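> Each chain, letter by letter, is given below.
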Amino acid sequence: MSPAIDVQRLRFRYGRGPWVLDIPELTLERGARAFLFGPSGSGKTTLLGVLAGVLRPEEGEVKVLGRDLACLSGAQRDAFRAEHIGYVFQMFNLIPYLSVLDNIALPARMNAARRARLDGAGVKEAAAHLADQLHIRDLLKKPVTELSVGQQQRVAACRALIGGPELIVADEPTSSLDFDRREAFLELLFRECERAGATLVFVSHDRTLEDMFSRRISLPDINRGAL
Amino acid sequence: MLVLDLALKSLRNRAFSTSLTVGSIGLSVALLVGVENVRVGMRDSFSNTISQTDLIVGAKGGTIQLLLYSVFGMGSPTNNLSWDTYREWAEHPAVEWTIPYGLGDSHRGFRVIGTNEDFYRHYRYRGGQEIALAEGRAGSEVFDVTLGADVASELGYGLGDEVAVTHGIGEVGFLNHDDMPFEVVGILEKTFTPVDRAVYVTLEGIEAIHFGWEDGAPPMPGEEHTHEEVLAMEEIEITQVTSFFVGTANRRDVLRLQREINDYEAEPMMAVIPGLALNEMWQGIGYAETGLRLVTIFVVLVGLLGMLVSLYTSLNERRREMAILRAVGAGPGRIVALLVLESLCLAAAGALAGLGLVYVLLSAGQPIVEAQVGLFIPIRPPGSVEWLFLGAVVTAGFLIGFVPALKAYRTALYDGLAVRV
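For the record, the sequence lines run as chains V and H. Sequential numbering of the first sequence, starting at 1, is according to the numbering used here. Sequential numbering of the second sequence, starting at 1, is according to the numbering used here.
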């Protein structure tokens with residue numbers, strides 16, 4: 001089976017600016033729990049954008065789950081992301097005008113393949129089940145504006161996990177949580193990724209969490225670009 | 001469906017700005033449709049002033065002038081026709097009925113119209129409605145007078161009151177026929193046409209007040225006829241009419257009859273088809289209409305621009321939302337669709353709100369306008385023009401939606417998954 005991520009000679013920059021990413025090689029086996037760290041400005045979020053197919057590399061190969069994103073059109077990359085990738089932001093993860101349930105259900109409603117992987121359960125049931133797993137079942141009917149930051153991040157995790165995407169990308173999802181909650185959140189995230197057999201790429205500048213991961217990648221060490 | 005659902009929920013989330021936008025579009029659409037309704041109402045009430053009359057006949061002159069003085073009680077008649085000529089045409093085989101009019105006098109600013117029982121029998125307005133009496137009877141004697149509804153209410157006249165007729169037309173006549181007072185015998189029902197503002201006497205009555213005035217000046221002393229003398233006359237000979245309305249037995253004869261009348265050699269006279277003349281007249285007023293319509297169209301444009309501003313300025317606050325949508329796999333196309341749909345929904349809701357508002361205002365205001373202005377605005381289902389307007393507003397909303405949508409599209413591509421400054 002192809003690795004979850006296989007990056008070769010990747011170079012990326014915004015417009016005609018300096019190279020933000022210049023990564024000769026980066027591979028990640030399937031099922032790995034990778035901790036990607038580096039200081040602010042080292043290109044972490046940019047790399048995630050490339051891996052998620054939102055940003056298009058100027059040079060090199062970016063194989064995600066065996067598909068080279070550099071060869072796909074914008075629409076194909078959007079469809080690929082919708083089907084195979086769950087994404088968790090650092091904060092403000094939720095769409096304010098949707099309920100908690102609708103926020104969780106969004107990827108499944110957006111993409112037929114994600115919907116098909118719900119094992120016959122309806123979108124609502126699947127969302128409720130995930131909410132159960134992350135202990136936010138009683139929040140489903142609440143407007144998202146009433147949630148605490150920790151609750152919001154769990155909702156975001158549910159949304160990333162629904163429909164079983166193979167790759168979960170999390171961009172400092174715990175940076176706005178206090179330490180105890182970080183560990184609890186990570187435990188839940190690991191458990192759900194394991195249950196779904198998903199690969200996790202977790203980005204942070206906070207190395208206190210790194211011991212919990214199976215693989216640690218220092219972005220400054222592999223990225224010759226950056227500022 | 002997902003995008004529509006998102007668009008509706010997003011609009012509901014911004015309920016205040018959404019309702020302001022819908023309200024401003026609604027008001028502008030209401031203005032547009034309302035003006036259209038009033039315009040059609042005016043036009044209808046204008047062309048409903050007479051109905052079922054096939055020809056209006058008078059002395060040769062301007063078409064519109066003839067229409068104005070014989071139908072709308074405006075302007076002065078140029079010349080009269082002889083009674084014999086009138087009778088000749090009244091007995092024409094193609095003619096079913098006629099209404100003779102003797103015009104040229106007034107009473108305290110209201111036109112005095114000499115006519116006969118044919119007026120009460122044949123005059124029709126607004127789709128065939130007949131003249132009806134509110135009080136009393138139709139005048140038939142020499143000094144009988146029947147008042148239009150407005151004349152009676154504005155001058156406070158009742159049955160039995162005496163009315164003096166002024167020679168000539170105008171608020172203050174120099175020469176009063178006050179030696180010949182008339183008596184109010186009837187008051188007509190309100191018609192919301194110029195009939196309400198006229199005083200009806202008999203043709204004999206018109207002749208009587210003009211005894212001795214044949215040269216256009218008051219009778220020489222000694223030549224006056226007194227009230228009693230007139231009453232004592234067995235028969236008053238009618239010598240002339242100003243114009244007459246014609247109804248044909250068969251409408252196919254109208255054009256031929258018109259040509260015959262226009263070619264009549266014994267006396268210079270003309271016949272006009274009221275519908276055509278009304279149209280010709282309305283076209284003259286059409287410039288004002290076009291201007292009014294242009295103004296209302298601009299008001300709608302301003303309403304739509306308000307929507308554009310509101311959507312456009314909300315985009316910055318929504319960059320996060322766009323990034324989230326991108327992250328869960330929405331392509332730029334869906335971002336565009338979301339914003340275009342929002343704009344479309346706003347415009348459609350505004351159009352419907354405006355339409356509803358028009359009907360609410362119309363049904364509330366119709367009796368008031370009718371009572372105050374005498375303009376009857378019919379409440380009718382939206383016609384093709386209204387649907388065209390509404391369609392144009394919704395289409396404009398759709399097209400305008402592309403402005404914020406393309407901006408959001410570019411921002412979403414630039415931002416990717418992180419909101420960048």
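Think of the hints as simulated: they come from the structure by calculation, not from any bench. Any given hint could turn out to be false.
As the list claims (entries may be wrong) - Straight-line C-alpha distance at most 25 angstroms; calculated DMTMM-like pairs for lysine to aspartate or glutamate: (1) V:Lys63 <-> H:Glu280; (2) V:Lys142 <-> H:Asp415; (3) V:Lys124 <-> H:Glu207; (4) H:Lys9 <-> V:Glu125; (5) H:Lys60 <-> H:Glu317; (6) V:Lys124 <-> V:Asp180; (7) V:Lys141 <-> V:Glu125; (8) V:Lys63 <-> V:Glu29; (9) V:Lys142 <-> H:Asp5; (10) H:Lys9 <-> V:Glu146; (11) V:Lys141 <-> H:Asp5; (12) V:Lys63 <-> V:Asp138; (13) V:Lys141 <-> V:Glu166; (14) H:Lys60 <-> H:Asp415; (15) V:Lys142 <-> V:Glu166; (16) H:Lys60 <-> H:Glu207; (17) H:Lys9 <-> V:Asp138.
In this text the structure is predicted, and so the values were computed from the model without any measurement.
> Confirm or reject each hint.
Status of the hints after comparison with the structure:
1. V:Lys63 <-> H:Glu280: The hint is violated at about 77 angstroms.
2. V:Lys142 <-> H:Asp415: violated, 29 angstroms
3. V:Lys124 <-> H:Glu207: Violated - the C-alpha atoms of Glu207 of chain H and Lys124 of chain V are around 93 angstroms apart, more than 25 angstroms.
4. H:Lys9 <-> V:Glu125: Given pair Lys9 of chain H, Glu125 of chain V holds - Cα atoms ~22 angstroms apart, limit 25 angstroms.
5. H:Lys60 <-> H:Glu317: Given that 25 angstroms is the threshold and the Cα spacing comes to 74 angstroms, the pair is violated.
6. V:Lys124 <-> V:Asp180: violated, 30 angstroms
7. V:Lys141 <-> V:Glu125: holds, 13 angstroms
8. V:Lys63 <-> V:Glu29: Holds - the C-alpha atoms of Glu29 of chain V and Lys63 of chain V are around 12 angstroms apart, at most 25 angstroms.
9. V:Lys142 <-> H:Asp5: holds, 18 angstroms
10. H:Lys9 <-> V:Glu146: holds, 17 angstroms
11. V:Lys141 <-> H:Asp5: holds, 17 angstroms
12. V:Lys63 <-> V:Asp138: Outside the cut-off at roughly 39 angstroms; violated.
13. V:Lys141 <-> V:Glu166: Not OK: Lys141 of chain V and Glu166 of chain V at ~28 angstroms, beyond 25 angstroms, violated.
14. H:Lys60 <-> H:Asp415: Violated, at about 80 angstroms.
15. V:Lys142 <-> V:Glu166: With Cα atoms ~29 angstroms apart, Lys142 of chain V and Glu166 of chain V exceed 25 angstroms; violated.
16. H:Lys60 <-> H:Glu207: With a Cα-Cα distance of about 22 angstroms, the restraint between Lys60 of chain H and Glu207 of chain H holds, given a limit of 25 angstroms.
17. H:Lys9 <-> V:Asp138: holds, 22 angstroms
The structure does not agree with the numbered hints 1, 2, 3, 5, 6, 12, 13, 14 and 15 stated previously, though it agrees with the rest.
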